[in-house]
Amino acid sequence: MRKNLNVIAAYSIMMALIILVGIFQSWNIALSIFNLCLISAVMTMGANIQWGYAGLINFGIMGYTALGGLAAVLISVDPVQEAWSAGGFDILMSLWLIIAMVLIIRFILKRFNKSKIRTYSIAVIIISGILLIRFSAEPGIEAIEAVNPAKTGFLGGFGLPIIFSWIVGAFFAGGLAFIVGKVALGLRADYLAIATLLISEIVIAIIKHEDWLTRGVKNVIGLKRPAPYEVDLQSTDWFINLIEKFNSGKLELISNLSDRQVELNQLVIEGSSIFVKLCYSGLFLTVVIILLILTQKALYSPWGRMMRAIRDNEEAANAMGKNVVKQHLLIFILGSAIVGIAGAMLVTQDGLFTPGSYRPMRYTFLIWVMVIVGGSGNNFGAILGGFAVWFLWIEAAPIALFLINFFTAGMSETHALKLHLIESVPYFRFLMMGLGLLLIMRYRPKGILPEKIEIK
Amino acid sequence: MDFLNALILLLNYIFIPALTYGSQLALGAIFVTLIYGILRFANFATGDMMSFGTMVTILFTWYFQSLGISLGVLPTALLAIPFGIFFMILYMLSIDKFVFKYYRINKSPPVQLAMVSIGVMFVTQAVVRIIIGPSDQRFFDGEKFIIKAREFKEMTGFNEGLALKSTQVITVLVTIILVSLLFWFLNKTKTGKSMKAYSDNEDLALLSGIDPKKIVMITWIIAGILATIGGALYGLDKSFKPFTYFNNMLPIFAAAIVGGIGNPFGAFLGGYVIAFSEIFLTYAYKKFFMYILPESMEPESLLQLLSTDYKFAVSFSILVIVLLYRPSGIFKGKVL
Chain A
1 MRKNLNVIAA YSIMMALIIL VGIFQSWNIA LSIFNLCLIS AVMTMGANIQ WGYAGLINFG
61 IMGYTALGGL AAVLISVDPV QEAWSAGGFD ILMSLWLIIA MVLIIRFILK RFNKSKIRTY
121 SIAVIIISGI LLIRFSAEPG IEAIEAVNPA KTGFLGGFGL PIIFSWIVGA FFAGGLAFIV
181 GKVALGLRAD YLAIATLLIS EIVIAIIKHE DWLTRGVKNV IGLKRPAPYE VDLQSTDWFI
241 NLIEKFNSGK LELISNLSDR QVELNQLVIE GSSIFVKLCY SGLFLTVVII LLILTQKALY
301 SPWGRMMRAI RDNEEAANAM GKNVVKQHLL IFILGSAIVG IAGAMLVTQD GLFTPGSYRP
361 MRYTFLIWVM VIVGGSGNNF GAILGGFAVW FLWIEAAPIA LFLINFFTAG MSETHALKLH
421 LIESVPYFRF LMMGLGLLLI MRYRPKGILP EKIEIK
Chain B
1001 MDFLNALILL LNYIFIPALT YGSQLALGAI FVTLIYGILR FANFATGDMM SFGTMVTILF
1061 TWYFQSLGIS LGVLPTALLA IPFGIFFMIL YMLSIDKFVF KYYRINKSPP VQLAMVSIGV
1121 MFVTQAVVRI IIGPSDQRFF DGEKFIIKAR EFKEMTGFNE GLALKSTQVI TVLVTIILVS
1181 LLFWFLNKTK TGKSMKAYSD NEDLALLSGI DPKKIVMITW IIAGILATIG GALYGLDKSF
1241 KPFTYFNNML PIFAAAIVGG IGNPFGAFLG GYVIAFSEIF LTYAYKKFFM YILPESMEPE
1301 SLLQLLSTDY KFAVSFSILV IVLLYRPSGI FKGKVL
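Sequence order for the protein chains is A and B. Numbering-wise, our numbering puts 13 at position 13 of the first sequence, and it's gapless, one number per residue. Take any residue in the second sequence, note its place counting from 1, add 1000, and you have its number in our numbering.
Please note that a few of the clues may not be correct.
As the list claims (entries may be wrong) - As a list, the in silico PhoX-like pairs of lysine-lysine whose alpha-carbon atoms are at most 20 Å apart:
(1) B:K1165 - B:K1238
(2) A:K208 - B:K1311
(3) B:K1238 - B:K1311
(4) B:K1107 - A:K446
(5) B:K1213 - B:K1101
Hints in this document: simulated from the structure, not taken from any laboratory.
Model the full assembly from the supplied sequences, consistent with the hints where possible.
Below is the structure:
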């Protein structure tokens, strides 16, 4: 118990902060912060597996998140029949072409020895393949995008419950990670960072501009929810009764019957959105707990010890007969798959998919700040980092506003500097993140909750 | 005649823009490569440092404009650049003193320094946005065109116009001057040679009496000059927006690595490789082939290899290919 005192203390402080937001701002804000904290925690767990367990730098988190989001769209949206009949055949054709191309390249790689001719012939196959695919898919893409472009203009998805997309998102992200890992994992650490960053930008570019698949920057809105809708709740009896029971003390104070009804309606509207958020919290919390149990088990298993050995001394681990390349690839895929789950969860919560909103600051570097601040190599630390940093990210603006008002209290209300500072309040969050990261890296390089190796 | 028209078309839409863009990338790439070669880490704050220098330049430009000082046909910004450089160097040296120095002395692994540079990136981004705001700023004044498309057509009688913006000429000229000065400095002066030695083998350099503090300081000074001028030229030619500068970090990294990271000359050429391939692959060649092919064979589609949306993707793909087949870059890297 005493050993875990700092963990318990840190988490209690975090929960207390969120509850304070609930009391002083509103429970709605507190719950939405809490939900996004949970999603961030899933992302940091993914990044922590890669960086903390194995020492692999993955600056491509944004790409995996976006793929998870794409999975949410492809799973939950109803298929657009007209689009399928208009251009489905061409798209399937190109899919087959891609598969054929990959198979041919694999065959050549296996069959022939490494030589200049082999490299050039592969290059020729890839280039001619891309041209062929472009040529064959073009009419199909145009036909699909022409189908009711204001509302659909894309192929749609499978029309399944959106919850499934969390698993599919993991597979999408894992698949991408397999390709990226095969290509880039041999690189030195900083090259790997740059390469993954650039590859994630390519992924975003594709998602943004392939309208037939994702609607691109036109966004997909109104995704199905795993939780009830507010409007439905507001007209169901049991929910109204529940709210009435919950606030009976407050309601009885109002003597006028019509006033009481108005008050009740107000409470029901507020309560419904809180209820929906609570549903999401429950779902997300389940995911976080399952992942936490799995990652903790993995960390203290022989496999986890092997990963740490590889991280700390690659050559020695190699000499002990561990397949470093294979393990790196495996952990790269696992970590990315977890990030993919988080991406799907994020889109599920928002109910919309906006490819334009995927930016490296928010989805890659912020997650890294979370991992480093929280404590790399320690799952509890990583989750705490996700909570603390996200909390600060959201509450930075109010805090900054307070500080500005405090320090410029002597100035007149219309002073140019004061107005300018208040106008630029949203950007203080970058400052806080940066300073936080720098301070932690300098004075507590292992994070708030450092990694501890227990030998049982 | 048609052939000449086609050539002018390519010159106008591919060659001149790519040369300008390439010069801007090249300056950034040399900045990245210098930091990598001498301080030994990948500086993720590159784009934001450039935007900081540009921001100071813009502020001074506005100040000069309000005083009524101008350079006539030339943009006032040229007058403001030295001030921008001064503040940029101050900023960089103080960051080095308060942030990077500690890790350098402790001989931290490059990865840790790269992480620290992310912290610097956040802070710099915040500072720039707090001071000047996140929106587009234009600070160009003076004569916009040297040759206007219409005048060119009237003058020569060609169908195709050739437009030459003054910023394009300024960019290319300044880059040539700056880069030749830099290479002269690195190859001919004693300090430059000691920088090379330090980059090659730190311990040996220390043994032969090279002062590491001086080397680091000069590196940051050169980096400040390159970052400010590169950023200001980009801002003059296009426009200044902090987010664009952050994004420009990616092709700049690509250029530095393609040219062989640690090798300034490679980075210089890498900038052009990236710029030309981006523009070559995303240009629609329809009009070009309309000129050179007989009328019966005129193409119907746009003849665009990749849509312009994938401009960034091109440079990254080149980078990935280079990393796979020649991890040290086209020109052997890690030799300053």
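Checked hints:
Between K1165 of chain B and K1238 of chain B, the direct Cα distance comes to roughly 11 Å. Compliance with the 20 Å bound is thereby established for this hinted pair. At roughly 13 Å between alpha-carbon atoms, K208 of chain A and K1311 of chain B fall within 20 Å of each other, so this suggested pair holds. For the suggested pair K1238 of chain B and K1311 of chain B, the alpha carbons sit about 16 Å apart, so the restraint of at most 20 Å is met. Under the criterion of a C-alpha separation no larger than 20 Å, the hint pairing K1107 of chain B with K446 of chain A is consistent with the structure, at around 17 Å.
With a C-alpha separation of about 10 Å, the suggested pairing of K1213 of chain B with K1101 of chain B holds against the 20 Å cut-off.
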